[in-house]
Amino acid sequence: MTAAVAWAKLDDYRDVAPRGAVDFLLRIGERLRGRRLVHVSASRYGRVMVELLNRLVPILNDLGIDTSWEILIGSADFEGIMRTVSRGLMGTEQVVTDAMLARLRAVSAENAARLRLDGDLVMVHDTAPLLLVESRSSSARWVWRYHHDLSSPQPQLWNALRPFAQRYDAVVFSLPRFAAPLTVPRFIVHASVDPLSERNREMPRAEQAAHLERLRVPRDKPFLLQVGRFDRAHDPLGVINAYRHVKKHHDVRLVLAGPPPGPGGDVLAEVQEAASHDPDVSVVSLPPDPQSEVNALERAAVIVLHKPLTTGFGIDVAAAMWKGKPVIGSVAGGIPVQIVSGVTGYTVETVEGAAFRTRQLLSNPELIGRMGAAGREHIRRNFLITRHLGDYLALLALLTR
Amino acid sequence: MSVEPFVFLGCVDLRELLPYEARDVRELLDQLGRVPVESLFCHTAAALLHRPVLPAAYPNDFAVWAGGEMRDQRLAERLAAIDPFASDSMEHVREELVAVISDHLQHFPAPAPAGPIDPFRFFQAHLIPVPTGHQARTLREFRDALAEIDISALFYHLIEARYRLGRRRGDFAEWVASALDRPEVTERLERIDPYVGSLERMRDRHLTVLTGALDEQAQ
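Chains E and F, in that order, give the protein sequences. When we follow my numbering, the leftmost residue of the first sequence carries the number 1, and every step to the right adds one. When we follow my numbering, the leftmost residue of the second sequence carries the number 1001, and every step to the right adds one.
Isolated chain F (complex conformation) (with noise of 0.2 angstroms):
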């Protein structure tokens, strides 16, 4: 039987700077309300194309400068705690976000900041996909590959194909369930938390997994 090959696509992508920008908590909170779905998708799960190296960090941008600027961490803890990778779609990320600031801000009105801050500025990625030129019919084909391939193709196929596909899993680990019906390897793919501070280290969580999925292929 033939197997539909893997083939990895990378992205390059430009990031437009919106004219919406926040002061405050309460500005923010407007804001969201206004702002395209495509911003939140780039200020939350696509947050990690663009981040350091700083696994401590709150993972997305909007807890980071309610962290940072605003000095709330109450605030920030609970938006951290908003979870694009669980959602159905961003519409529902944008309600959570709208939500969780509102009840904040009817128990913690938000003081005026204390000093100069950097407002929230907002983002829409633009991106456009391009093969990297690496495919794979076998798993150890796709572990080699995911190896070298470009970091953008990690976020390709692990964040913006959910979005895109409104899938609840990313490209990799689909493609192991239907090209290679191995649902062992699957689960293990799906369990790996894109939470895990970087890129490059969900690029090591996924080589752990394939390479530990060889070694018990070959015993």
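Excised from the complex, chain E in its bound form (with noise of 0.2 angstroms):
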């Protein structure tokens, strides 16, 4: 099945883009104009990937590179199969059968016959259609884009799947700690925002005002602000703790803004119960695909903690620097890539090191104004989409000269 897309243009970022950077993308783009690039993907829902290729497709067919994007189709077990094939490569003790890896190259056997797969380049993005590789023709490039940590896969599960791994002319990881040890090139390319999103466009302040009162969040005090799982990961009591040795010293309120729990896991109970003792914690559930209400607690908070104990990269915390918010964020997966310490916010290792940071930033205010600035700087210049889409124009050119 090949995925619609969302319309979107290059020139529609020449406003946030730094500055040359979209005249610089339609020379490159010109000098790849006629080549054939193919996307492969397990779904068009979801976030952070599927988000980045419904505004990069569109694009790349703008700037004359013709692109497709390919979506795998399988039944229900086979869903079920992937889901914890993905599972065990991102570390976590799965039960994997040889009858489960048996359906996998299965289904992936039909839809090799099935998907148009003739690119100049083939990218194939994350577990589910790695295994397309077995039917790959010898003119075509095919690139495995793995979106999440593959450092510690489990280890059978991976001797595996590493032969497939190694089929492809070459694998992109999106942080070096993420990537697996293979004999085939590996490429970094890191994660990105777009800021043209309905999570990241500009936002007037009355809209921001009406989303802020439907979730019920006062704005008669400053707010601190942790958007994340109500799960032991994202760490909601650490965040409550830092809240209470800030809330000594200042006059704020906290918000843990979230998805409603889902099975297993969840802390939510807790956190609730947490926030009951002092009327200046908010417990928000968000509604199903909460981007403007997420972009508006964001644009009106104060700060933006962002303190899981494990996370893939950590996107969100481009998305807060980019609406201009000093970030405090735990040293977990790709946050310490995104926030530079000291300049536009701080990494931090525990519950204090994020109070004290805090602290120190309520107390001077014109460190917020200025690590806020600085860190959308930071995002324009390294984690905007117009970013990544020149590092897969390049890894085009690279490839398929």
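Derived by calculation from the structure, the hints in this document are not laboratory data. Hints may contain errors.
As the list claims (entries may be wrong) - Stretch by stretch, here's where chain F covers chain E in the computed footprint (C-beta under 8 angstroms, at least three residues):
id, region
1, 11-20
2, 125-133
3, 174-180
4, 302-316
5, 361-372
Said to hold, decoys possible - Now the stretches of chain F that chain E is said to cover, found in silico as 3 or more residues with beta-carbon under 8 angstroms:
id, region
6, 1015-1026
7, 1091-1097
8, 1156-1170
What the hints assert, rightly or not - If you only want the chain F side, here are some residues facing chain E, beta carbon under 10 angstroms, derived:
id, residue
9, H1050
10, I1082
11, T1211
12, D1215
Keep in mind the model is a prediction, meaning the values are calculated, not measured. Note that CB positions come from ideal geometry on N, CA and C, so glycine has one too.
Take the two lone chains and join them into the complex the hints point to.
In structure tokens, the structure reads:
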């Protein structure tokens, strides 16, 4: 199945991209005009990677690069197997049987016969389509783009899948620390934010206020914000404890916003219990697809905290920095790559560190403005979708020249 | 007399992760003897290409790692003082890096890192030059184009060109000298320190020199 994608033009990014970047990307596009790029993924719905492709595919076509996005089709049992395998590759122990791996191969073979994989470059995203490479033609170059952490996969599972990864011409990881040892070239392409998306677009104050009112977030005091699931990995209780240190010195609120609890692993009840003792702590259950709500919350917050104990790239940090907010983040995943500690916010390793840095910022309001502005510039240069586009064009140029 | 135009090229780059990494200073020394010379370029002169706007940071990745992960300020300062822009070649830079670390280890044998550390991972950058569409025949056209071009063009002409062509100065100063015959402007461009912290700052310094020269020309 070929995915339908949202239309966007590169010119739309002129006001937000770094000086000269859009014209330069147009020039690179001219040089690569006529080449064909095929993306393959398991789904057209989801978060970071899918949102990215939704924007990039039309822009690439607008540049004259014949780009399509193919979607793998599999039955319900296949999707279940894929979830298990994905978790195993990310390091959570799973039971993966030979029959499950055989099913993966069979579904991949069916899809390979059906999908249009005739690109000069075929970019295969994440785990589900990994095995399609068995059916690759000799003329095209194939790249596996893995968006998660492959540094400590379940050994037996990786032993079974590694030979497939080795059949690609290159593998692209989001962070060096996420890369698995492979003998094929490994490139690093960081994640990015789309400044024109609903999550990140400019938003008038009145619209922010309306969202905050709907979410029942009072606006009488400055508020600290953490957006993330109510599970142990996102450490909402640690954030509440950091806030309690801060609250002794500064009259602020804390807003913890996350999706409604899913099955297993949630600590929402504990968070609500901890919050119930302080009317200045708001626990906000976000609606489905809360792009504009999170946009409003981040814009209205004074400081954004992002303190997961483990995470992937953690591109939410860049999204908050793009809104000119200093971010205090943990050292997990890709957070230290995004925060320039002491310049755009701080990286911290403890609850006490988060509290201390928050107090330091609240006591020096000029720092909040300065770090927020520096953070936005840092994101403009390093973590916007325009940079991501340039990286993919570089990959196309390098591998198909 | 017709002037050879200056054609501004930018570059796209991809960073390739190499199968070399170091978990302490001694391993760094060992790996420095093995890695391809392109990797040394990537971590010294080319570090500017991926650097956040941080003028106070050490100017190369080795010094940043020694100071940050190894908490060894003395070594970080000595590594920071190695100037790839003043070296004849990257092999010479390699010799300097090896000499500094060897000497440091003789006097201060490296203790094991106290806690978990992020190892030093070696990269290699693949650069693909692309015309920006800008060119200049006069100093004014040159200044105006420089104000608008993608930042990668500054990297390509000021830093990459020195190593590609084995020259002691970048393309901008070279063109102003050879095509415009303006030795006084050339000298001022040559004097701009590549260690100003970021490519945008280098752009600003160049624009200041060029605008000053145009003002003098107008008087």
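Hints versus structure:
1. 11-20: holds (count 3)
2. 125-133: violated (count 0)
3. 174-180: holds (count 3)
4. 302-316: violated (count 0)
5. 361-372: violated (count 0)
6. 1015-1026: Our answer is that it holds, as 4 residues pass the Cβ test (under 8 angstroms) against chain E, meeting three.
7. 1091-1097: Violated: only 0 residues of the region 1091-1097 of chain F have a Cβ under 8 angstroms from chain E.
8. 1156-1170: violated (count 0)
9. H1050: It holds, given that the least Cβ distance between H1050(F) and chain E is near 8 angstroms, below 10 angstroms.
10. I1082: I1082(F) check fails; min Cβ-Cβ to chain E is 23 angstroms, beyond 10 angstroms.
11. T1211: violated (17 angstroms)
12. D1215: violated (23 angstroms)
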